[in-house]
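Undergrad: Please model the entire structure based on the sequences and the hints provided.
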Amino acid sequence: SQQGEEDPQALSIQEGENATMNCSYKTSINNLQWYRQNSGRGLVHLILIRSNEREKHSGRLRVTLDTSKKSSSLLITASRAADTASYFCATDGFSGGYNKLIFGAGTRLAVHP
Amino acid sequence: DGGITQSPKYLFRKEGQNVTLSCEQNLNHDAMYWYRQDPGQGLRLIYYSQIVNDFQKGDIAEGYSVSREKKESFPLTVTSAQKNPTAFYLCASSIEFRVPGNTIYFGEGSWLTVV
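Protein sequence lines, in the order shown, are assigned to chains Z and A. Read in order, the letters of the first sequence correspond to residues 1 to 113 in the working numbering. Read in order, the letters of the second sequence correspond to residues 1 to 115 in the working numbering.
Just so you know, these hints were derived from the structure itself, not from any lab. All values derive from a computational prediction rather than experimental measurement. C-beta: ideal position from N, C-alpha, C; glycine also.
Here are some, though not all, of the chain A residues that point toward chain Z, as calculated from beta-carbon distances under 7 Å:
#, residue
1, Q41
2, G42
3, L43
4, L90
5, G101
6, T103
7, F106
8, E108
Straight-line Cα separation of at most 25 Å, DMTMM-like style, residue types lysine to aspartate or glutamate; simulated pairs:
#, chain 1, residue 1, chain 2, residue 2
9, Z, K70, A, D59
10, Z, K26, A, D38
11, Z, K100, A, E96
12, Z, K100, A, E69
13, A, K71, A, D59
14, A, K57, Z, E5
15, Z, K100, A, E108
16, Z, K100, A, E62
17, Z, K100, A, E24
18, A, K70, A, E96
19, Z, K26, A, D59
20, Z, K100, A, D59
21, Z, K100, A, E72
22, Z, K100, A, D54
23, Z, K100, A, D30
24, A, K9, Z, D83
25, Z, K100, A, D38
TA: Below, the structure written as structure tokens:
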């Protein structure tokens, strides 16, 4: 079963607009990470937020984490056409003796020029 | 440049054939992983290895096999027992296995299609 579930499944915006994607999860976590995947390519790590953090920034990315609601959001400000990609959240926690990352199904973002 | 190299990028398998996907990393990472991605889906863990000569089943290991004879190499064999192998396969690695918050680095993926 998937731990993280992203919402919306797809998002279409114009360049310059902000894009917000949400991730909900079911069980306690140590960390939550966001990854980006261009079509037909591998995933690239964007940002990690620890369970004791509430907000984190990296360039045009802003991630929030609400452990009471078991949810996270990724905000991309001033989007560009090059931001078009799928975005995945991944939660980790020890399971079966190892640190297991569980990925959601992703949000497909399309940024139109 | 350091990274993870997967080959081939595209692979076609006939019914009843075994095929092997190659994964090589020069990041000096201990841990390596294989994930399967179906269209519009997230990643599902097939196998993982925390150190040379060790590997463990992930969530969907049936019909797959791996080996870890060298630190830098973690090939995945898709056997004829895997009834629905058409998917995008991603190899990944991380520095250590048991450390929370490890960043996982991914290869560019391999597309496998059954013909």
